[in-house]
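A.B. asks: Sequence lines, in order, name chains H and Y. For the first sequence, this note's numbering assigns the number 14 to the initial residue and increments by one for each residue that follows. For the second sequence, this note's numbering assigns the number 14 to the initial residue and increments by one for each residue that follows.
Possibly wrong hints are sitting among the right ones.
If chains are identical, the list can't say which one is meant, so a pair holds when it fits in one copy or spans any two.
As the list claims (entries may be wrong) - Straight-line Cα separation of at most 25 Å, SDA-like style, residue types lysine to any residue; simulated pairs:
| no. | residue 1 | residue 2 |
| --- | --- | --- |
| 1 | K80 | L111 |
| 2 | K80 | D53 |
| 3 | K98 | L119 |
| 4 | K72 | P22 |
| 5 | K99 | V54 |
| 6 | K80 | I112 |
| 7 | K106 | G23 |
| 8 | K72 | Q113 |
| 9 | K106 | A52 |
| 10 | K98 | R86 |
| 11 | K80 | E58 |
| 12 | K72 | G107 |
| 13 | K72 | G85 |
| 14 | K80 | S37 |
| 15 | K78 | F108 |
| 16 | K106 | R49 |
| 17 | K98 | A117 |
| 18 | K98 | I112 |
| 19 | K106 | V54 |
| 20 | K99 | Q113 |
| 21 | K80 | Q45 |
| 22 | K106 | T84 |
| 23 | K98 | A120 |
| 24 | K98 | I43 |
| 25 | K99 | Y63 |
Keep in mind the hints are simulated off the structure, nothing from the lab. Note that the coordinates shown come from a computational prediction; the quantities given were computed from them, not determined experimentally.
There are 2 protein chains.
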Amino acid sequence: MAQTSPLLPGTLDLLILKTLSVQSLHGYGIAQHVQRLSADVLQVEEGSLYPALQRLQLKGWVRSKWKQSPTGRRARYYELTAPGKKQLTAELKGFDQLIQAIRAVLA
Amino acid sequence: MAQTSPLLPGTLDLLILKTLSVQSLHGYGIAQHVQRLSADVLQVEEGSLYPALQRLQLKGWVRSKWKQSPTGRRARYYELTAPGKKQLTAELKGFDQLIQAIRAVLA
DNA sequence: ATCTATGCATAGGTCGCCTACGTATAGCCT
DNA sequence: AGGCTATACGTAGGCGACCTATGCATAGAT
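Input sequences plus hints: build the corresponding full structure.
C.D. replies: Following this line, the structure appears as structure tokens:
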């Protein structure tokens, strides 16, 4: 039912890392955050999100622990690690470079 | 040996259609055009390009015919069809919307 | 003769994303 | 009491885009 669009492939990690750089959040909250900031254009599917979080954790860019969410339910909160912050910076730079290159072709 | 980067996934069709909207070209020429306009940032791999061209042709967005290239070799020249032009317009719009949404999250 | 650039194409693999499920709890409405 | 919705995590299976590697073929340069 969502009027939202699929992601631009290859940007999910970036969106997650950026979101976590602002605040530690649980998965569901990350999805909502991205959707809200993008004015409902971007939809982070759960089947994409949770595997992505596991990949990021395996790479050491985020770490997680169980906590109480404000609503009283248990939730796994993720936070950026130091390598994760470096990774975010690098990916941001690479993304800008790619977008600029694509724009140069489309102009 | 290329210092070039992989594509941002999901943008290859767009880059091809845009290139063909400027001029009819053969596959190899499309790859060169994209690479040149992007200042060598974007690299269109042949193993991605030719299947993509076949997909685009199947969808009716481009059509092709064998011709002589300026260098005297045979080459399959592609040109945009009318539906292809519409598709390009639609994809351009969708791409801009996605980029804007992503930027809103990354800002 | 050999190498490089031009040019097309396929086979096979990887990987990211999505659809569809399944589980579970809190809160609200009837 | 029962059912619905929102919150919250997670997996299984599939699809499709992209890449690597390979093969073929010719023109021009060295």
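A.B. asks: Decide, hint by hint, whether the structure agrees.
C.D. replies: We went through each hint and held it up to the structure:
no., hint, verdict
1, K80 / L111, "neither (37 Å within a copy, 33 Å between copies)"
2, K80 / D53, "neither (27 Å within a copy, 47 Å between copies)"
3, K98 / L119, "between (31 Å within a copy, 14 Å between copies)"
4, K72 / P22, "both (19 Å within a copy, 21 Å between copies)"
5, K99 / V54, "between (27 Å within a copy, 22 Å between copies)"
6, K80 / I112, "neither (37 Å within a copy, 34 Å between copies)"
7, K106 / G23, "both (14 Å within a copy, 19 Å between copies)"
8, K72 / Q113, "neither (28 Å within a copy, 28 Å between copies)"
9, K106 / A52, "both (24 Å within a copy, 16 Å between copies)"
10, K98 / R86, "neither (28 Å within a copy, 51 Å between copies)"
11, K80 / E58, "within (22 Å within a copy, 46 Å between copies)"
12, K72 / G107, "within (18 Å within a copy, 32 Å between copies)"
13, K72 / G85, "neither (30 Å within a copy, 51 Å between copies)"
14, K80 / S37, "within (11 Å within a copy, 59 Å between copies)"
15, K78 / F108, "neither (29 Å within a copy, 36 Å between copies)"
16, K106 / R49, "both (24 Å within a copy, 21 Å between copies)"
17, K98 / A117, "between (29 Å within a copy, 19 Å between copies)"
18, K98 / I112, "both (21 Å within a copy, 22 Å between copies)"
19, K106 / V54, "both (23 Å within a copy, 13 Å between copies)"
20, K99 / Q113, "both (21 Å within a copy, 24 Å between copies)"
21, K80 / Q45, "within (18 Å within a copy, 53 Å between copies)"
22, K106 / T84, "neither (37 Å within a copy, 39 Å between copies)"
23, K98 / A120, "between (33 Å within a copy, 16 Å between copies)"
24, K98 / I43, "within (17 Å within a copy, 37 Å between copies)"
25, K99 / Y63, "within (22 Å within a copy, 36 Å between copies)"
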